[in-house]
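So the sequence lines, in the order shown, correspond to chains A, B and C. Residue 67 in the working numbering sits at position 67 of the first sequence; the count goes up by one each step and never skips. Basically the working numbering = 1-based index in the second sequence + 1000. Basically the working numbering = 1-based index in the third sequence + 2000.
Quick caveat, the hints were computed from the structure, so don't treat them as lab data. Bear in mind that the values here come from a model prediction, so they are computed numbers and not experimental data. In this text, a Cβ means the ideal position worked out from N, Cα and C, and glycines have one as well. Any given hint could be a false lead.
Stated by the list, open to error - Distance windows between CB atoms, simulated:
id: 1; chain 1: C; residue 1: TYR2211; chain 2: A; residue 2: LYS21; range: 46 to 54 Å
id: 2; chain 1: B; residue 1: VAL1035; chain 2: C; residue 2: HIS2064; range: 27 to 35 Å
id: 3; chain 1: C; residue 1: PRO2189; chain 2: B; residue 2: THR1074; range: 47 to 55 Å
id: 4; chain 1: A; residue 1: ILE525; chain 2: C; residue 2: LYS2103; range: 41 to 49 Å
id: 5; chain 1: A; residue 1: GLN312; chain 2: B; residue 2: ASP1278; range: 18 to 26 Å
id: 6; chain 1: C; residue 1: LYS2103; chain 2: A; residue 2: LYS21; range: 42 to 50 Å
id: 7; chain 1: C; residue 1: ASN2139; chain 2: A; residue 2: LYS21; range: 33 to 41 Å
id: 8; chain 1: A; residue 1: TYR123; chain 2: C; residue 2: GLU2021; range: 23 to 31 Å
id: 9; chain 1: B; residue 1: TYR1047; chain 2: A; residue 2: ILE471; range: 28 to 36 Å
id: 10; chain 1: A; residue 1: TRP427; chain 2: B; residue 2: ASP1058; range: 25 to 33 Å
id: 11; chain 1: C; residue 1: HIS2064; chain 2: A; residue 2: LEU297; range: 33 to 41 Å
id: 12; chain 1: A; residue 1: GLN312; chain 2: B; residue 2: PHE1036; range: 28 to 36 Å
id: 13; chain 1: C; residue 1: GLY2057; chain 2: B; residue 2: ASP1285; range: 16 to 24 Å
Stated by the list, open to error - For lysine to any residue, the following SDA-like pairs were computed, each having C-alpha atoms within a straight-line distance of at most 25 Å:
id: 14; chain 1: B; residue 1: LYS1059; chain 2: A; residue 2: LYS239
id: 15; chain 1: B; residue 1: LYS1273; chain 2: C; residue 2: VAL2219
id: 16; chain 1: A; residue 1: LYS239; chain 2: B; residue 2: VAL1300
id: 17; chain 1: B; residue 1: LYS1173; chain 2: B; residue 2: ASP1144
id: 18; chain 1: A; residue 1: LYS239; chain 2: B; residue 2: LYS1299
id: 19; chain 1: B; residue 1: LYS1061; chain 2: A; residue 2: PRO540
id: 20; chain 1: B; residue 1: LYS1299; chain 2: C; residue 2: ASP2061
id: 21; chain 1: A; residue 1: LYS423; chain 2: B; residue 2: GLU1056
id: 22; chain 1: C; residue 1: LYS2122; chain 2: A; residue 2: ILE226
id: 23; chain 1: B; residue 1: LYS1302; chain 2: C; residue 2: GLY2057
id: 24; chain 1: B; residue 1: LYS1299; chain 2: C; residue 2: VAL2219
id: 25; chain 1: B; residue 1: LYS1137; chain 2: A; residue 2: GLY311
id: 26; chain 1: B; residue 1: LYS1273; chain 2: A; residue 2: LEU315
id: 27; chain 1: B; residue 1: LYS1054; chain 2: B; residue 2: ASN1028
id: 28; chain 1: A; residue 1: LYS239; chain 2: C; residue 2: PHE2158
id: 29; chain 1: C; residue 1: LYS2129; chain 2: A; residue 2: PHE231
id: 30; chain 1: C; residue 1: LYS2106; chain 2: C; residue 2: THR2077
id: 31; chain 1: B; residue 1: LYS1134; chain 2: B; residue 2: SER1100
id: 32; chain 1: B; residue 1: LYS1061; chain 2: A; residue 2: GLU503
id: 33; chain 1: B; residue 1: LYS1273; chain 2: B; residue 2: LEU1330
id: 34; chain 1: B; residue 1: LYS1094; chain 2: A; residue 2: PHE320
To be verified - Under 10 Å between C-beta atoms, here's a sample of chain C residues computed to sit facing chain A:
id: 35; residue: HIS2019
id: 36; residue: PHE2055
id: 37; residue: MET2058
id: 38; residue: MET2069
id: 39; residue: HIS2131
id: 40; residue: ASN2139
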Amino acid sequence: MTSGHTTAVAAHGDNYLNHSKGIKSWLFTLDHKRIGVMYLFTVLSFFLLGGIFALLIRLELWGPGRNIMDAGTYNKFFTYHGAIMVFLVVIPLIPAAMGNFFIPMMLGAKDVAFPRLNLASYYIFVIGAVFALCALFFRGADTGWTFYTPYSIRTSTTVILVVGGAFIAGFSSILTGLNMIVTIHKLRAPGLSWTRLPLFVWAIYATSIIQVLATPVLAITLVLLICERLFQIGIFDPKLGGDAVLFQHFFWFYSHPAVYIMILPAMGIISEVMPVFSRKPIFGYKAIAYASFGIALIAFIVWGHHMFVSGQSELANFVFSLLTMFVAIPTGVKVFSWVATMYKGSIRFNVPMLYALGFLELFTIGGLTGVFLGTLAIDVHLTATYFIVAHFHYVMVGGTMMAFLAGLHYWFPKMSGRMYPEKQAVWAFICIIIGFNLTFFPQFILGAEGMPRRYWAYLPEFTNLNRLSTIGSWFLAVGFGWTAVYLWKSMFKGPKASANPWEGNTLEWQTPSPPPFENFTETPIVTMWPYEYRASKNYPMTTPVQGSGKGVQ
Amino acid sequence: MFFNEAYAGNGLPIQGTDVAVMWDSLYNFLLWLSVFFFILVVGGMIYLAVRYRKREGDKSKYITGNHLIEAIWTIVPTILLLGIFAWGYQVYSKMVHAPSDAMEIRVIGKQWLWQFQYEDGKSTIGELYVPINKPVKLIMSSEDVLHSFFIPNFRVKQDVVPGMYSSVWFEAKVPGQHQVFCTEYCGFSHSGMLAKVIVLQPDEWAAWKKGKSVAGGIGTVGVSGTQGGAPLAAESLPAQGKKLTEAKGCVACHSDDGSTKIGPTYKGLFGSKVELQDGSTVVADENYIRESIMKPQAKVVKGFNPVMPTFQGLVSESEMNAIVAYIKSLK
Amino acid sequence: MSDVHTAVAGEHTRHHAHHFESAEAEFDACKQGMWIFLVTEVLMIGGLFVGYTLFRGMNHDAFHEAHKMLNVKLGATNTVVLITSSVTMLLGVTSAQRGQRSKSMKYLIMTFLLACCFLVVKYFEYSAKFHHGLLPGGNFTNEELTNPRSSLFFSFYFLMTGVHAFHVVVGMGLMAWLMKRTANKDFGPDYYTPVELVGFYWHFVDLVWIYLFPLLYLVG
Chain A
1 MTSGHTTAVA AHGDNYLNHS KGIKSWLFTL DHKRIGVMYL FTVLSFFLLG GIFALLIRLE
61 LWGPGRNIMD AGTYNKFFTY HGAIMVFLVV IPLIPAAMGN FFIPMMLGAK DVAFPRLNLA
121 SYYIFVIGAV FALCALFFRG ADTGWTFYTP YSIRTSTTVI LVVGGAFIAG FSSILTGLNM
181 IVTIHKLRAP GLSWTRLPLF VWAIYATSII QVLATPVLAI TLVLLICERL FQIGIFDPKL
241 GGDAVLFQHF FWFYSHPAVY IMILPAMGII SEVMPVFSRK PIFGYKAIAY ASFGIALIAF
301 IVWGHHMFVS GQSELANFVF SLLTMFVAIP TGVKVFSWVA TMYKGSIRFN VPMLYALGFL
361 ELFTIGGLTG VFLGTLAIDV HLTATYFIVA HFHYVMVGGT MMAFLAGLHY WFPKMSGRMY
421 PEKQAVWAFI CIIIGFNLTF FPQFILGAEG MPRRYWAYLP EFTNLNRLST IGSWFLAVGF
481 GWTAVYLWKS MFKGPKASAN PWEGNTLEWQ TPSPPPFENF TETPIVTMWP YEYRASKNYP
541 MTTPVQGSGK GVQ
Chain B
1001 MFFNEAYAGN GLPIQGTDVA VMWDSLYNFL LWLSVFFFIL VVGGMIYLAV RYRKREGDKS
1061 KYITGNHLIE AIWTIVPTIL LLGIFAWGYQ VYSKMVHAPS DAMEIRVIGK QWLWQFQYED
1121 GKSTIGELYV PINKPVKLIM SSEDVLHSFF IPNFRVKQDV VPGMYSSVWF EAKVPGQHQV
1181 FCTEYCGFSH SGMLAKVIVL QPDEWAAWKK GKSVAGGIGT VGVSGTQGGA PLAAESLPAQ
1241 GKKLTEAKGC VACHSDDGST KIGPTYKGLF GSKVELQDGS TVVADENYIR ESIMKPQAKV
1301 VKGFNPVMPT FQGLVSESEM NAIVAYIKSL K
Chain C
2001 MSDVHTAVAG EHTRHHAHHF ESAEAEFDAC KQGMWIFLVT EVLMIGGLFV GYTLFRGMNH
2061 DAFHEAHKML NVKLGATNTV VLITSSVTML LGVTSAQRGQ RSKSMKYLIM TFLLACCFLV
2121 VKYFEYSAKF HHGLLPGGNF TNEELTNPRS SLFFSFYFLM TGVHAFHVVV GMGLMAWLMK
2181 RTANKDFGPD YYTPVELVGF YWHFVDLVWI YLFPLLYLVG
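Please model the complete structure; the sequences and the hints are all you need to start from.
This is the structure in structure tokens:
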């Protein structure tokens, strides 16, 4: 990719892509933009791998009995799909790839606070991924991505490799979070006060706090699990007097906040895209920023809602269900604010905006079904069925992937210096949105009817809805594949992009596309908040003030 | 069948219990509330998108927020959510609190089958026979890994955790077969770990108890009473437990008549409050007795020495159930 | 964690990295980064403390009986050794700040040796436990302890002291690296960030031990 890239954009003059040449200049780069791009390509290749497993799972579920693989293989495949998608794709996708590229730029900084640490995080991530994927060449892993004990202690598969990989990748997540927090604290351009931060920055900040606080607990949990397998230490294994449910507490203490690591950055992107394409200020800037923190805070005290039927006490269930309800409030505030942003705007339907609208549709369904699952009695019937599967795919894929695609199309001109083909992108979007709903909506009904998740074979009654879902998965595959192809092509051959094709206000648009080596030729001075949008005019954050620095501060 | 004629178009299984009826009203309420909010948000979004699309003149209004409307969309959902929570908790407590007169059946989950032990000593695999209109409480344990006992028609589910007892109850209102799934991933044949609840009319139930096969039953496992293929003595569960306490040497230290030997007596133990060495008290329930056998040092009764060896690995789940049933019978 | 330091150090020798506006800003950023890193450490080790507390509550007698097998004298010795090493580290940092290079070097070496001393004592403790079969879980062969849950105490003992010892080893590596850079005359009154940050880290490692010692050796 490097050589093609560099030759293609050479005409733009000096930029981060052609600043230095050769494969080494990428592998050892300290430039946050190049590291961001490397993350992007790495994570997307894992997305491809996880997606292939998803397609194979759906093919196996075409009919009630055996279709293309046996139960053992199926169990491994859903484990790979889950582990790859969670640990190697959705968690790093936006914070590590987009965050790395755009947070310093949005702050008006030359780089992140610790560039070497940043590169180290990338390689730690790669090592963790390689470690986990090694399992594929041994006896695999068949525990599901949740590694519940005591099955994960008993199974003869190579669970340790996958668990070890998740452990290593966890450190990458911690260090990236740390880097982002310090960068946001210390490297803001002059005039860029906290209340002038773009909401994407707020979202990444909240995400980073979760990464830093929650991931260490996962790390120690996974260490305990590995020790349990290697030395039979007796902490999680009931046969040795341990407590199998304790693992679930430890695991979800991390993994529930991790869910918000996945969705908060996505919300950040939507908060950027909505005002730009509605040509209006974001509605309720402070409410959205605080809501990010509300969600991050509540994230730490609701883990027990994954365990309503695990045998934890009734009191615990009462408290966790009550607390879970409060997640819906800041989430609702955000959704309403995004919709209200469109009111009396002058809306442009470019592809990023289409994806943002797609996000709103899918995330609303994901969020509302979340209320079902937070309600104690309702969860008892629905948990561990396809209803859960549908719910979290609506949030993680419908939410995070839609927002990612919105962000990818929004920032593609900045990252590559070229435009994507609008018409093809619209058709691919339609394909994805139809495919997504077709794949996952039937799963709500399957779950309500009682079909359990992680089932290799199912009762014949469930056949029709499963078939719909499998057909949908191919629409999705075509949509994603198509997107990959046209983006790849336009990276080299697309029409040249101007510095600010969407007339955005944030700082990353106030520098050429693609950006020069150290982002800005001179340090920007911020005078405005980011959302000073009008229909036909925009006021970049660096606009010299003549008395009307309106909006928030 | 799993979906009989009663399976309506609302995407839910049949209502096999009163709890299922309550559950369905809450579910339907949430469903319609969600439809309302979906139309509000997505319908609103589509309306705004069309209404305020870029048009001639290209104008937009400068609005940064509105405290009133923001307060409304914070407060109204809060109230709604608290209401939903309360309703959910109310149905949940109905789900988890079994009536005290519930008939007890022991359930053992193992990779990958369900075994049921009845009070009269019968044992079945894959088929749970229960009488109609009688509350039934399942006391469940696992031989190996986590399982979860799920009856969609009754809207109940509970994890079965190795090393402890968990329970679930229902009062079946619809005769016939009801599907049971294992819903906690448990390895290779997780999706094959199925069973059926067979709900019998009073006369069928009486016949079944006498050892006759019944119309609802299928296959060979019906009433013959098997455990791992070997027929069990046709003795009640407490009687089996009594024999086990003799065979395993429990009676050397524990009496069944109220006299104190090296250890406390079994008589009147179940359901009583036990004072422990550290001064605290616990209620002697199934999990307490289980723990006292598997981890005797965990809760030592006041006035006794911690000398009992552990029986971890020496008592199978079905034996444990019999012993607990025996102790329970000594009121 | 060593990444923090290499990252910090590699970027500049005496002058600050170009993406910071001043050396002071960079020092602040590095300090903040280190603090956040230590917070993650607290949370990680906190997981073990929570587990220990839970299981101690459930197996009070077993843990009480088992903790008597630990050698309080050796544990106390190690506590003194580590506290002393914290003092020498502090002196090392202040002398580096004042530009007293040889003094700083001397204190770093002392700290390093004290850390060695800690590990040697730990080695004797561990080998005694191995000898008596006081090992986690399946490898537990000791016959003096009758309570079957005793092995669990040693699972926690080895895990917690093991994780701590790993941090000590990492700390020693960092000190060796500091000594090399001190010898290269990299530090002075205008630039001593790595020394200060390793100091933070080392105090943290000591602090963890100060919690571990009473928890495992005294209270049980």
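Verification of the hints:
no. : hint                              : in the structure
1   : C:TYR2211 - A:LYS21: 46 to 54 Å   : 53 Å, holds
2   : B:VAL1035 - C:HIS2064: 27 to 35 Å : 59 Å, violated
3   : C:PRO2189 - B:THR1074: 47 to 55 Å : 54 Å, holds
4   : A:ILE525 - C:LYS2103: 41 to 49 Å  : 45 Å, holds
5   : A:GLN312 - B:ASP1278: 18 to 26 Å  : 24 Å, holds
6   : C:LYS2103 - A:LYS21: 42 to 50 Å   : 48 Å, holds
7   : C:ASN2139 - A:LYS21: 33 to 41 Å   : 56 Å, violated
8   : A:TYR123 - C:GLU2021: 23 to 31 Å  : 29 Å, holds
9   : B:TYR1047 - A:ILE471: 28 to 36 Å  : 31 Å, holds
10  : A:TRP427 - B:ASP1058: 25 to 33 Å  : 27 Å, holds
11  : C:HIS2064 - A:LEU297: 33 to 41 Å  : 38 Å, holds
12  : A:GLN312 - B:PHE1036: 28 to 36 Å  : 33 Å, holds
13  : C:GLY2057 - B:ASP1285: 16 to 24 Å : 19 Å, holds
14  : B:LYS1059 - A:LYS239              : 70 Å, violated
15  : B:LYS1273 - C:VAL2219             : 30 Å, violated
16  : A:LYS239 - B:VAL1300              : 21 Å, holds
17  : B:LYS1173 - B:ASP1144             : 33 Å, violated
18  : A:LYS239 - B:LYS1299              : 18 Å, holds
19  : B:LYS1061 - A:PRO540              : 18 Å, holds
20  : B:LYS1299 - C:ASP2061             : 10 Å, holds
21  : A:LYS423 - B:GLU1056              : 23 Å, holds
22  : C:LYS2122 - A:ILE226              : 23 Å, holds
23  : B:LYS1302 - C:GLY2057             : 18 Å, holds
24  : B:LYS1299 - C:VAL2219             : 20 Å, holds
25  : B:LYS1137 - A:GLY311              : 15 Å, holds
26  : B:LYS1273 - A:LEU315              : 21 Å, holds
27  : B:LYS1054 - B:ASN1028             : 40 Å, violated
28  : A:LYS239 - C:PHE2158              : 20 Å, holds
29  : C:LYS2129 - A:PHE231              : 16 Å, holds
30  : C:LYS2106 - C:THR2077             : 23 Å, holds
31  : B:LYS1134 - B:SER1100             : 12 Å, holds
32  : B:LYS1061 - A:GLU503              : 17 Å, holds
33  : B:LYS1273 - B:LEU1330             : 15 Å, holds
34  : B:LYS1094 - A:PHE320              : 18 Å, holds
35  : HIS2019                           : 4 Å, holds
36  : PHE2055                           : 7 Å, holds
37  : MET2058                           : 8 Å, holds
38  : MET2069                           : 17 Å, violated
39  : HIS2131                           : 18 Å, violated
40  : ASN2139                           : 7 Å, holds
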